[in-house]
Amino acid sequence: MAFAAMTAARAEMADSAAAAQYIADGCLVDGPLRCVGLELEGHCHDPADPHRRPSWGEIADVLERLTALPGGSAVTVEPGGAVELSGPPLDGVPAAIDAMRRDQAVLRSAFADAGLGLVFLGADPLRPPRRINPGARYRAMEEFFSASRSGEAGAAMMTSTASIQVNVDAGPQDGWAARVRLAHALGPTMIAIAANSPMLGGEFTGWVSSRQRVWGRMDSARCGPILGASGDDPGTDWARYALKAPVMMVHNPDDAVAVTRWVPFADWVDGRVLLGDRRPTTADLEYHLTTLFPPVRPRGWLEIRYLDALPDAFWPAVVFTLVTLLDDPAAADIAARAVEPVATAWDVAARVGLRDRRLYEAANVCVAVAADRAPAELTDSMRRLIHTVERGRCPGDDFADQVIEHGIAATVAKAARDSQGGS
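In terms of my numbering, the sequence shown opens at residue 187 and continues consecutively.
No lab work stands behind these hints: they were computed from the structure.
Note that CB positions come from ideal geometry on N, CA and C, so glycine has one too.
Treat the hints with care, since some could be wrong.
[To be verified] Taking CB as the label site, the calculated pair distances span:
no., residue 1, residue 2, range
1, A200, P561, 47 to 57 Å
2, D235, E576, 34 to 44 Å
3, D441, R569, 47 to 57 Å
4, R251, D498, 21 to 31 Å
5, K430, A595, 21 to 31 Å
6, V459, A596, 48 to 58 Å
7, A516, L460, 44 to 54 Å
8, E563, A197, 48 to 58 Å
9, L460, R569, 53 to 63 Å
10, A516, G462, 49 to 59 Å
11, G217, N438, 31 to 41 Å
12, P561, R447, 22 to 32 Å
13, P358, P561, 19 to 29 Å
14, A516, K600, 13 to 23 Å
Generate coordinates for the entire structure from the input sequences, incorporating the hints supplied.
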């Protein structure tokens with residue numbers, strides 16, 4: 187059985203129709219709404235020298251000494267040295283939040299022991315983009331972006347942005363279309379609520395979410411929303427999107443070779459262009475899908491990828507709000523009506539956030555609905571989020587206030603020290 191599956195993965199695909207069918211068939215998995223998984227990234231800083239980017243060796247040394255985390259998270263390192271916790275799928279959002287909190291505490295302690303701190307902002311506010319992860323995937327990704335029209339944005343995306351990703355079940359098949367539409371429609375409002383990146387590379391950008399600004403400057407064929415005109419068939423929409431997207435790299439077990447010209451996957455699979463002197467295999471297609479970064483990405487489940495990384499005071503409430511609006515039927519109905527006027531206002535949300543009246547109104551409805559359903563252990567986080575939203579502020583405003591008062595280097599250094607806690 188395993189040999190047969192391996193052989194199939196290595197066989198060249200027939201054409202784009204076969205590829206489209208394969209993508210659509212694996213897009214989402216029918217089942218109940220139950221599991222939630224979280225992925226949280228933090229920028230690694232040296233509080234003694236916040237301008238310095240800790241080396242690959244320094245970060246690797248910390249991770250080599252790290253034992254298994256209590257909540258089951260895996261730990262990886264992003265291209266620019268941001269450290270990512272990837273939690274397992276757990277039964278409900280409270281369990282996912284609790285596990286991530288415990289793993290985050292252990293990870294922080296490990297970095298504190300090395301004199302380093304993790305800063306949870308959507309964009310690196312101080313340092314210029316620079317890749318430190320030597321992995322073949324990230325080297326090829328860097329080469330791809332350097333050769334493209336989105337080279338500057340690609341470098342910033344890879345090495346200067348951080349997020350909290352929320353993974354949720356696809357749910358019953360008869361609700362897929364509405365669920366995917368809602369996940370997209372919530373995007374602008376949730377971006378405005380969670381905006382936490384007013385600076386990038388040492389400067390205020392004028393956007394409340396500089397992270398989303400970076401993503402907005404990327405190629406829409408790779409990073410834009412996947413929805414078609416109607417949004418009624420997520421599988422077909424995802425297949426169409428993936429086949430039009432350019433191939434980033436040809437991957438093999440030992441290396442990855444960047445594709446530095448525009449080659450839509452459809453051209454490769456239909457034989458109009460041969461990469462590596464061959465057509466793609468199923469394994470190539472699977473890998474291609476991992477190089478696509480829409481704000482909502484189907485992987486059998488739904489990955490919600492549009493939130494800035496957030497500090498401890500906010501992220502549990504933001505995560506609970508988003509999952510509640512997606513998974514609670516009554517909350518979903520209320521949220522769908524509330525966000526409809528701003529369902530496509532991605533740039534407005536990232537630029538001005540809750541200063542936009544329509545986003546402000548939608549955000550207040552959404553957090554109020556979630557607060558009514560929040561468990562006791564999230565009371566403090568929900569109260570803080572509601573208070574912030576009611577004032578038309580976002581999490582990044584607190585950081586910006588500190589920068590204005592104390593300067594950027596001092597503020598980043600303090601954030602890194604604070605993350606070390608009592609270690």
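Go through the numbered hints given earlier and state which of them the structure violates, listing their numbers in rising order.
5, 12 and 14
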